[in-house]
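Here the protein sequences come in this chain order: A and B.
The numbering used here puts the first residue of the first sequence at 170, with every later residue one more than the last.
The numbering used here puts the first residue of the second sequence at 558, with every later residue one more than the last.
Errors might be hidden in some of the hints.
[Claimed, not checked] Computed cross-link-like contacts, DSSO-like style, restricted to lysine-lysine with a CA-CA straight-line distance of at most 30 angstroms:
1) B:Lys857 x B:Lys652
2) A:Lys659 x B:Lys853
3) B:Lys652 x B:Lys853
4) B:Lys857 x B:Lys799
5) A:Lys392 x A:Lys304
6) B:Lys857 x A:Lys659
7) B:Lys857 x B:Lys723
8) A:Lys392 x A:Lys747
9) A:Lys747 x B:Lys688
10) B:Lys723 x B:Lys853
11) B:Lys652 x A:Lys659
12) B:Lys799 x B:Lys723
In case anyone wonders, no lab produced these hints; they're calculated from the structure.
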Amino acid sequence: MTYLPDSRPSPVASRIALIVSAVAAAGLVLTPLAVLGRSFDGNAVLLHLSGAALNLTADPQVRLPSSGTTTALGWVTLIFMLATLVGALRRERWFWITGLLGFATALAAVLLLNGVLNAESARIAADTTLRPGAKRTLRNFYGGGGMNLGLFLPMLAGLIAAGAGLSARQVWWDRLNRLRSLLVPTVAIGLAILVGAIVVLLVQPAVNGTGAALSLWGGWLAKTDLVYFVYSTLFAPITRLNPFLDSLKLATPLIFTGLSVAFAFRTGLFNVGAPGQLTMGAIGAMLVGVYAPAGLGWLLLPLSVIAAGIGGALWGGIPGLLKARFGSSEVINTIMLNYIASAIFIFLIGSETFPFLGREYNMPFKAEGFEARSNELQEAARLPTLLQFFNVGGSGATVMSLGIVFGLITLALGRWILGRRKVKNAGVLAFVAALVVGALTWRIGVPVQIAGSQLNASFLIALLCVAGFGTLMWRTATGYALRAVGLSPKAAEYGGISVARNTILAMTFAGMFAGLAGTHYVNGGALDEYRLKGNMPANVGFDGIAVALMGQSTPVGVVAASMLFGTIDTGGIDVDLKLEQINKDIVTVLKALIVLFIAAGGFLSRRVTDPPPPQLLKAVEATGKPDAARLDAPVAKTEQGTPLPNVGLSSENNTREGGK
Amino acid sequence: MQDLLAQIFGISFLAIFIRSFVPLLLTALGGLFSERSGVVNIALDGLIIFGALSGAIITKQIEPALGPLSPWVGWLAGAAVGGLVAWIHALLSIKYRADQVISGTAINLLASGVPPVILAALYGSSTESPKVEYGLPLWGVGELRFSPPVYFAFVLVAVIWYVVYKTPYGLRLRATGEQPGAAASMGVNVRRMRYSAVILSGVLAGTAGVFLSIGNLDSYVRNMSAGMGFISLAALIFGQWKPLGVLGATALFGFLQALSIQLGGTDLLPPTLVSALPFLVTIIALIFTGRSAAPKALGKPFDG
Numbered sequence: 170m171t172y173l174p175d176s177r178p179s180p181v182a183s184r185i186a187l188i189v190s191a192v193a194a195a196g197l198v199l200t201p202l203a204v205l206g207r208s209f210d211g212n213a214v215l216l217h218l219s220g221a222a223l224n225l226t227a228d229p230q231v232r233l234p235s236s237g238t239t240t241a242l243g244w245v246t247l248i249f250m251l252a253t254l255v256g257a258l259r260r261e262r263w264f265w266i267t268g269l270l271g272f273a274t275a276l277a278a279v280l281l282l283n284g285v286l287n288a289e290s291a292r293i294a295a296d297t298t299l300r301p302g303a304k305r306t307l308r309n310f311y312g313g314g315g316m317n318l319g320l321f322l323p324m325l326a327g328l329i330a331a332g333a334g335l336s337a338r339q340v341w342w343d344r345l346n347r348l349r350s351l352l353v354p355t356v357a358i359g360l361a362i363l364v365g366a367i368v369v370l371l372v373q374p375a376v377n378g379t380g381a382a383l384s385l386w387g388g389w390l391a392k393t394d395l396v397y398f399v400y401s402t403l404f405a406p407i408t409r410l411n412p413f414l415d416s417l418k419l420a421t422p423l424i425f426t427g428l429s430v431a432f433a434f435r436t437g438l439f440n441v442g443a444p445g446q447l448t449m450g451a452i453g454a455m456l457v458g459v460y461a462p463a464g465l466g467w468l469l470l471p472l473s474v475i476a477a478g479i480g481g482a483l484w485g486g487i488p489g490l491l492k493a494r495f496g497s498s499e500v501i502n503t504i505m506l507n508y509i510a511s512a513i514f515i516f517l518i519g520s521e522t523f524p525f526l527g528r529e530y531n532m533p534f535k536a537e538g539f540e541a542r543s544n545e546l547q548e549a550a551r552l553p554t555l556l557q558f559f560n561v562g563g564s565g566a567t568v569m570s571l572g573i574v575f576g577l578i579t580l581a582l583g584r585w586i587l588g589r590r591k592v593k594n595a596g597v598l599a600f601v602a603a604l605v606v607g608a609l610t611w612r613i614g615v616p617v618q619i620a621g622s623q624l625n626a627s628f629l630i631a632l633l634c635v636a637g638f639g640t641l642m643w644r645t646a647t648g649y650a651l652r653a654v655g656l657s658p659k660a661a662e663y664g665g666i667s668v669a670r671n672t673i674l675a676m677t678f679a680g681m682f683a684g685l686a687g688t689h690y691v692n693g694g695a696l697d698e699y700r701l702k703g704n705m706p707a708n709v710g711f712d713g714i715a716v717a718l719m720g721q722s723t724p725v726g727v728v729a730a731s732m733l734f735g736t737i738d739t740g741g742i743d744v745d746l747k748l749e750q751i752n753k754d755i756v757t758v759l760k761a762l763i764v765l766f767i768a769a770g771g772f773l774s775r776r777v778t779d780p781p782p783p784q785l786l787k788a789v790e791a792t793g794k795p796d797a798a799r800l801d802a803p804v805a806k807t808e809q810g811t812p813l814p815n816v817g818l819s820s821e822n823n824t825r826e827g828g829k
Numbered sequence: 558m559q560d561l562l563a564q565i566f567g568i569s570f571l572a573i574f575i576r577s578f579v580p581l582l583l584t585a586l587g588g589l590f591s592e593r594s595g596v597v598n599i600a601l602d603g604l605i606i607f608g609a610l611s612g613a614i615i616t617k618q619i620e621p622a623l624g625p626l627s628p629w630v631g632w633l634a635g636a637a638v639g640g641l642v643a644w645i646h647a648l649l650s651i652k653y654r655a656d657q658v659i660s661g662t663a664i665n666l667l668a669s670g671v672p673p674v675i676l677a678a679l680y681g682s683s684t685e686s687p688k689v690e691y692g693l694p695l696w697g698v699g700e701l702r703f704s705p706p707v708y709f710a711f712v713l714v715a716v717i718w719y720v721v722y723k724t725p726y727g728l729r730l731r732a733t734g735e736q737p738g739a740a741a742s743m744g745v746n747v748r749r750m751r752y753s754a755v756i757l758s759g760v761l762a763g764t765a766g767v768f769l770s771i772g773n774l775d776s777y778v779r780n781m782s783a784g785m786g787f788i789s790l791a792a793l794i795f796g797q798w799k800p801l802g803v804l805g806a807t808a809l810f811g812f813l814q815a816l817s818i819q820l821g822g823t824d825l826l827p828p829t830l831v832s833a834l835p836f837l838v839t840i841i842a843l844i845f846t847g848r849s850a851a852p853k854a855l856g857k858p859f860d861g
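The following block holds chain A by itself, in its conformation from the complex (with noise of 0.2 angstroms):
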């Protein structure tokens, strides 16, 4: 898909577009529009088009709130969209108005829908014949009314359709082209849904409180509404604020892992070994805490933090050696090493007691009792939750420190003047001074009302790993070596970068950043206690490898990725608890078909994913000859590398022999 200078949108728009308001069309007429009310157990009030209202729930007589209107805008958005699927069909040149003004109109319904639910959860609360319970039962029915997916999916296809209309525009065009890099992980994201939802109505039977049997067309429509209610009980944590600050907790040892398995695939190589690392770092991080001499003080913390991190890279940087040294691959061996350290773990802090040639030994590590967890960490070497460390006001009352807003204000603004001026080190002077300001900064604040979030400070440590990922990548000359190496390991050997040298540093980084995940469990209490506890997931460790191909191996990529995964970790819980057939497994199906769908570049074709430069078709196309394709300088430095290595063809090259 390249730019063609024609005013007309392109086929390939065209038939986009096309597709997707005819989905949305369908999707308008059989399914429902919208949910009246639904209780705790996902029992439904279905609103369809005609108007016609299926009830789901247990009571027959619930009161129902006017949906009139909804409908209505229901019929105005089905109207454009049949009016851009016309103007697809023709290639016209409007039909990104159309697709605009459907999602303006599906979006109006739902805005309308949820005032009048708003409406009549207020009409209860303020009802004084009714009992509490009842009360609150009956507020979470309307509360859990919405759209559904006969809005939701013009919503979608009103944006997609515009998009594809605009492209015809060259600024438009431009501007969708810097997002095609998103392309493969919204497409994997997209088919996993899509596989995942085809799961859920195998294993799961429609919601149905009524008792009675449902008729073809109700049972389709209570199926079709389960999909979607499934996908937005797993998405929801991300639009109320306490849920999202547990899917933030969630995600934390996820951008650990992802940055883990991220840095390795830099350097071509692929690292499986996470769970491994993060177990070793689990552990350093709880002989340092437990056991270090008290008087050492605050030092205490950071000692345990730099043990962790210690224990990951030692795991890590093993298979790195054995693949530099006698070209053992660092897939099987990181593999094996997972399990190596898991028998550590729970030799640990399994028993209490040991054999050893005949003898019992005790096991000094593990706390007496019945469950598998080692002694308390001491206080000095506990992180703060994020609640405590930005907390400045006094004695009950929460409040945020303005601190690091200023600081992050006086970065970007000290950045942008200095940088402008032309002034040598503009970044690392804005940084200091971005510190300073932050500091003084530090005891102004706002009250805020959050209640209890265990999120903790490893998350901003996970966050300084990103910076430092970002720093040590794309900002050092180590970087670049190891950067190099993985895009081509002979080119760089005949380049005077050492192979083996860098195998081995990239192993011991990825290495480091999984076991610094350790803090997160040991450091940070995630497990409620402050332990090394037999309950740690250390599984957290593959979901690295969905969040690095997520985040395409960039820091930001992994954050975001890592953020996505936490919600649906989060969903995932609630939809456990709601659904009787469908447990949180459904999370790790859901990556694993991301990670199979991003492998496969999305079923895309090369040319859509990765095109030729627009400079060098236009050259082509000037000259008619394909010499004058060669890319000036300043072009060819802003072609970046795939951000996929191919780490099956690495595993042959990067020896230290350079593949002899």
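Start from chain A and add chain B according to the hints.
Then chain B, alone, in the frame of chain A:
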């Protein structure tokens, strides 16, 4: 000391040895096909799990109708599902030119997510399937009684040796993994060879899974493979991608696994640490294995 040795290396040790040895052998022989055709198959571990799961579930579901015949159908189903999942890996690696290691990892991740979802939907428990009434029959004498996949595995070594070295299919297979371009120029359909080899590896890994779930025990248990797929892959490398080498390498790793099980029952060493022994030895074995015998085109998508 004499007592201890007798305690560890009794006749029961031989039985345990064979039971740990056979799934490794079956899986590694499967991996041999895939890798000899040039497709890295790190998905073996996941394929074992899919085979074990579907073997147990199908047997359980058709038991009321078929009775003692049902585990045999379960075996076929497990092998077929293994082949089907392997086909996904083949499709991604061959048609969509995916990175073979990542695509295999995706299959392994699926294998950790799909079984709990299916088990919860069918039986309400996410960790194990209900016990089957009829497992595969046990043939043999005394303590040495094994289910049919054991005998199948040993026959298979000879068959695969013959197929790989003495038949046209084997010649084409080896050519595909070494020089796909040359093979294609001689009229070999490289893609079809690779598809067939990867699917065969799934069938064999699935059979190994069936042995674990209804040949050795009588139900599917979460994480049943316990890393066997990866050890088989290491054994394949250690055995230099040759059928007889694979037989020797899997025998070694099977021996270590049996040893760690037996040692775990004594007070000689801490049982938790001993359970890591096979994994440690795998790493050491890989150090002493050159990659010179690896198929030249391993891991490289074919363009022609």
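- request: Would you list, in rising numerical order, the hints stated earlier that this structure does not obey?
  value: No hint contradicted; all consistent.
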